[in-house]
Structure formats: structure tokens, C-alpha cells
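Mind docking chain B on chain A? Use the hints.
Residue numbers (the working numbering), protein chains in the order written: chain A, 1 to 282; chain B, 1 to 282.
I should point out that these hints are in silico values taken from the structure, not numbers from a laboratory. Quantities reported herein were computed from a predicted structural model and do not represent experimental measurements. The beta-carbon is built from N, C-alpha and C at its ideal position, and this holds for glycine as well. Take every hint as true, because none was put in to throw you off.
Keeping only pairs whose Cα atoms sit at most 25 Å apart, straight-line, the calculated BS3-like set for lysine-lysine is:
1. K158/A x K132/A
2. K229/B x K164/B
3. K74/B x K20/A
4. K20/B x K158/A
5. K20/B x K72/A
6. K257/B x K132/B
7. K229/B x K132/B
8. K20/A x K158/B
9. K257/A x K158/A
10. K20/B x K74/A
11. K20/A x K16/B
12. K16/A x K72/A
13. K20/A x K20/B
14. K132/A x K253/A
15. K158/B x K58/A
16. K58/A x K164/B
17. K188/B x K229/B
18. K253/A x K158/A
19. K16/A x K85/A
20. K164/A x K58/B
21. K256/B x K164/B
22. K132/B x K256/B
23. K206/B x K72/B
24. K132/B x K158/B
25. K213/A x K229/A
26. K58/B x K74/B
27. K229/B x K213/B
28. K85/A x K74/A
29. K16/B x K16/A
30. K20/B x K16/A
31. K253/B x K164/B
32. K58/B x K158/A
33. K206/B x K188/B
34. K132/B x K206/B
35. K20/A x K72/B
36. K196/B x K215/B
Below, a sample of chain B positions facing chain A; criterion: calculated Cβ distance under 10 Å:
37. F19
38. K20
39. L24
40. G29
Number of protein chains: 2
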Amino acid sequence: MSNYCYFNGQILPEDKVRFKTNDLGILRGYSVFDFLRTYNATPVHLDDYLVRFENSVKSFDINFLTDRDTIKEKVEELLFWRADKTVDVGIRLLMTGGYSESGFYAPELPNFLIRIEDLHPIPLARYAEGVKIITHEYQRELPEIKTTNYSRALVIAKAAQIQKATDALYHLDGNISECTRNNFFIFKGNTLVTPKSNILRGVIRKIIIELAKTKFEVEERDIYLEELKEATEAFKTGSNTRIMPVVQIDELKIHKKQVGHNTRALIQMLDEYLHATTHQTI
Amino acid sequence: MSNYCYFNGQILPEDKVRFKTNDLGILRGYSVFDFLRTYNATPVHLDDYLVRFENSVKSFDINFLTDRDTIKEKVEELLFWRADKTVDVGIRLLMTGGYSESGFYAPELPNFLIRIEDLHPIPLARYAEGVKIITHEYQRELPEIKTTNYSRALVIAKAAQIQKATDALYHLDGNISECTRNNFFIFKGNTLVTPKSNILRGVIRKIIIELAKTKFEVEERDIYLEELKEATEAFKTGSNTRIMPVVQIDELKIHKKQVGHNTRALIQMLDEYLHATTHQTI
Numbered sequence: 001m002s003n004y005c006y007f008n009g010q011i012l013p014e015d016k017v018r019f020k021t022n023d024l025g026i027l028r029g030y031s032v033f034d035f036l037r038t039y040n041a042t043p044v045h046l047d048d049y050l051v052r053f054e055n056s057v058k059s060f061d062i063n064f065l066t067d068r069d070t071i072k073e074k075v076e077e078l079l080f081w082r083a084d085k086t087v088d089v090g091i092r093l094l095m096t097g098g099y100s101e102s103g104f105y106a107p108e109l110p111n112f113l114i115r116i117e118d119l120h121p122i123p124l125a126r127y128a129e130g131v132k133i134i135t136h137e138y139q140r141e142l143p144e145i146k147t148t149n150y151s152r153a154l155v156i157a158k159a160a161q162i163q164k165a166t167d168a169l170y171h172l173d174g175n176i177s178e179c180t181r182n183n184f185f186i187f188k189g190n191t192l193v194t195p196k197s198n199i200l201r202g203v204i205r206k207i208i209i210e211l212a213k214t215k216f217e218v219e220e221r222d223i224y225l226e227e228l229k230e231a232t233e234a235f236k237t238g239s240n241t242r243i244m245p246v247v248q249i250d251e252l253k254i255h256k257k258q259v260g261h262n263t264r265a266l267i268q269m270l271d272e273y274l275h276a277t278t279h280q281t282i
Numbered sequence: 001m002s003n004y005c006y007f008n009g010q011i012l013p014e015d016k017v018r019f020k021t022n023d024l025g026i027l028r029g030y031s032v033f034d035f036l037r038t039y040n041a042t043p044v045h046l047d048d049y050l051v052r053f054e055n056s057v058k059s060f061d062i063n064f065l066t067d068r069d070t071i072k073e074k075v076e077e078l079l080f081w082r083a084d085k086t087v088d089v090g091i092r093l094l095m096t097g098g099y100s101e102s103g104f105y106a107p108e109l110p111n112f113l114i115r116i117e118d119l120h121p122i123p124l125a126r127y128a129e130g131v132k133i134i135t136h137e138y139q140r141e142l143p144e145i146k147t148t149n150y151s152r153a154l155v156i157a158k159a160a161q162i163q164k165a166t167d168a169l170y171h172l173d174g175n176i177s178e179c180t181r182n183n184f185f186i187f188k189g190n191t192l193v194t195p196k197s198n199i200l201r202g203v204i205r206k207i208i209i210e211l212a213k214t215k216f217e218v219e220e221r222d223i224y225l226e227e228l229k230e231a232t233e234a235f236k237t238g239s240n241t242r243i244m245p246v247v248q249i250d251e252l253k254i255h256k257k258q259v260g261h262n263t264r265a266l267i268q269m270l271d272e273y274l275h276a277t278t279h280q281t282i
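Chain A on its own, in the form it takes in the complex (with noise of 0.2 Å):
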């Protein structure tokens, strides 16, 4: 079943939109997105995820012209026009720099996209019993803008699955910064520890560390690729995973690749303010 696109203005179903071969996304990577989901079918923190797409747009020097209200009553719009509205779907917002006469130099009008996506579910077995991951040299460019610019994670997705790992973790020099589209977080006993910068600010991060800050220490700073041997348990985070546990990074074994208590207790925590989020009467 074909979802619906909002694109420069219109509601229009996902094959009726197409982008021309000028476009500076296509031919450029001047382009910027945000990416979110629903769970029990509604956006959560939706204002979070526009604010981070603003900065973004801004970022990039593109003329931003729909305003927010707008865009939140859009994606209101397309989530109406779902087949199946207790089917939860992800939300992309994409802005290029628009079709350039010059192939290079950026019109006034952007082309702005919000996508309705199919979730592409992950095995639960994941969740259940933790993912290795690999390491990997890099950082990426302009780390807090949501660029488009993800080949590298693309060619290392390759890479990952002949180790049987399902992600990178990036670092430069030995510092830490987060995964190909993940946050990154390690307990250290009942101290819980993220990567605070050249990183993209997730919303999950954000949710995670205050509802960690309830029940665990939660420091916020540079981790080292040594700092690992001293994880008691690990895991990643984002928009569509939530949290993803890290049993193996390397060939390191992270507690004894079981899934821990603590990490544990999140993933219970985040699910129940999820629900609470989404079941919320006004």
C-alpha cells in the first residue's frame, strides 16, 4: 500500500512525487532530514525533532519557508491519510537545496519532502539477546546537523555484516563518538556514560538520560576506546531502535555477552514513558 508524501505544498501519494535531476540533494548532498516515528500511532516529541530540523535547515544556509505549525499539521495530515492508522510509521522530513539551473549554486526555493515510511522491523531476538558491533575510525562531518552525507555508515554496513556485527561504533583516535545512526551509552557499575560531543543530539539520548537520572549516575563526557574493557554493559540508542543492547563490540565481550539489569530496566523505562507519552489525554 502506497503511503502519501507531503512535497513543496502538496499531499500527494509516494509515486506521484519524484525529484528532477537537478536537484542539489542529487547532485550536491546539499540536503538535510530528520527521522521519527510513532508508537501507539503518534509522534512523540515531534517539536524535538522539527526544532533539530531547523537547525539543521539553517545550518545549511537553505531558505527555510514552511514554518512549524505548518509542518506539524502536515504530518497530521499524512498520518490521516494512512491505510492502517494502528500501524506506527516513521516520518521523514528532507530538505534539499532545490533544483539548481547552474548544477551547483542553490535557487531560492529548497524542495521540501515529509516521507511516510513503513517501519522495517528488527528482530526482537536483538533486543533479547544484544548485537555486536564494530569499530570503526571516523567522524562524522558536521556532526549535530543531519546531513545526508551517510555513505560511509553504507559502506561500513557492508563491512559490519561480514563480521556479523550490525553496526559501527565511530572514533577518532581512540574517542568515542557514537554509531553509524545510533547514540552510544556504557554502565560502568550504576554509572551510566554517553559520548557529549561531535555527536548528533538524539531525542532518544535526551529522554534516556533524564529517565536514567531517576535510578543511576549519568555522566555526560569523553569515552576512549580503552574505557570499554571497564563496561559492565553497553548499548545504543535511536528514534526507531529505542534501546538496542550491546553484548560485543569488537572482539571485546561485554558482560560476558549477557544483557544486563541495568540496561535492562531502561528498556523497561523508556517502553512504560513511551506509553505513558502516547496515551497522554490533553
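Leaving out everything else, chain B in the frame of chain A:
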């Protein structure tokens, strides 16, 4: 007048070619390209560009399904369909990761576009008088691969314009690499110097080095910002630009803001070379 494109096996008018919204170039910047132009209606050094394009595609682990002879054939066909065969055009090769169901993982089939583009002539006064460029600390990711990741170049283009400059010169910790879309050279007397590392290996750069060797000393090596003070002339090169004299870098005036003799000599040598190459009879 609309140009023709080659897209995934078909020759079509440009306005009939569109990308679906789940193309990995659009969603994830997973895309490489190359660009050349005709001189005297003839593509120059096409093989060099095709080899570089193939290397870019392979570096990105994208399935390359079209062999070099087929690409050449399609380029010829597209050039044949031009409205006016005496007018020079740009030829852009673009390969994206293809249409992704998940919005991240790459499918088997890439999207391959060859696009004939109108050239946007550079004002001739610039060649006569030389241009100002600004310096900018930045190192392109994967500099030897022609990825579509030019977002920094686009943001800088606006900053340069404000400073009445036409381009920016990238350096990392003072070590100069290249301009946003051009290679960079200086003369120190009769010695021509150009950066060797962390650059895109330009086809025009290669031609110029070969031509210059017949008349000057040529050094391919690191150039640091401080050395610019000793430059007696400077210029940048590109497939469309050919040789553009640079007479000012930030506040530093080169050769009293006059285009130097050696640069003029090279411009003439390149013109003659391009003329001879495009009027060869086999």
C-alpha cells in the same frame, strides 16, 4: 531547449527523467559522479574521466553494471541528440546506490544517469584579470573519490561571495589541498608547485603538469599557507574552468594583483593542446 539524458538503460529528454524519493543518493548521499565537457564539440580525455568514475563507484561498493564501451556509446548518442551540435556542453555521470526499500540498505540495482548540461560560461574578464579566493580550513572526506558531498562548498560559496571572492582554497592545519571544485597551483619563479595529497586528481591538472614539464620545473608536494607569500603567480584548474588566474588569496595580493607571464603561457599551451586534441583526425 531540453537536453537528453541516459537513465538506467534509456535515452530520454531530461524532463522525462525523475528520481523516486527513496533513491539512496537523495536519502543518504550514497552517490558518486564525474563531470567533463566538450571542447570544439568533442569530449576530451573521456577515458580518464571514465576510469576515475569507475574508481569512485567501486570505492563506494556500488554495483557497476555498465561497461566502459557502453558508456562511451551512450555519451556519443546523447551528444548526437543535441539541438545544436556546435555548442559545447557538460557531461555529468552520476551513480547512486539505487532505490532502497528500507531507506538505508543498498539494493542490487544502482541508478545510473548521464546528463548533458548547458555550460554556464565563466565571465571572460575573470580570465583576463584573475580572481580573489579565500582560504577555508576543511578537508574533504575521501578526497580522491568524486562523491556528491559538496554541501560545504555550497555553504562557502555564499561566504566567498560576500568577500567578493569566487572560490575557497581548502587547507588542514595550513596544509593546502585544493579549491572547492578546482585544483590549485602556484609559481615560484619558473617552478610550478601543486599539492600532491588529499586532492581529487583532476584530468586538467594532469594535462597541465605534463604541458608545464616542457617549459618549467614542476613539483608535486605539500604547500603550506605561509608559502603563499613566496608565490609569484597562482591559478586554479578544472574541467570547465581550464586555467583561472588567482591574484588574491584572502588579503594577500599575488604579483601585485596582475596575471603573470607564466600563467598566461600555460593558458596558451592548454588552449593549443585542447585545440589540437579536438581536431585530431584518426
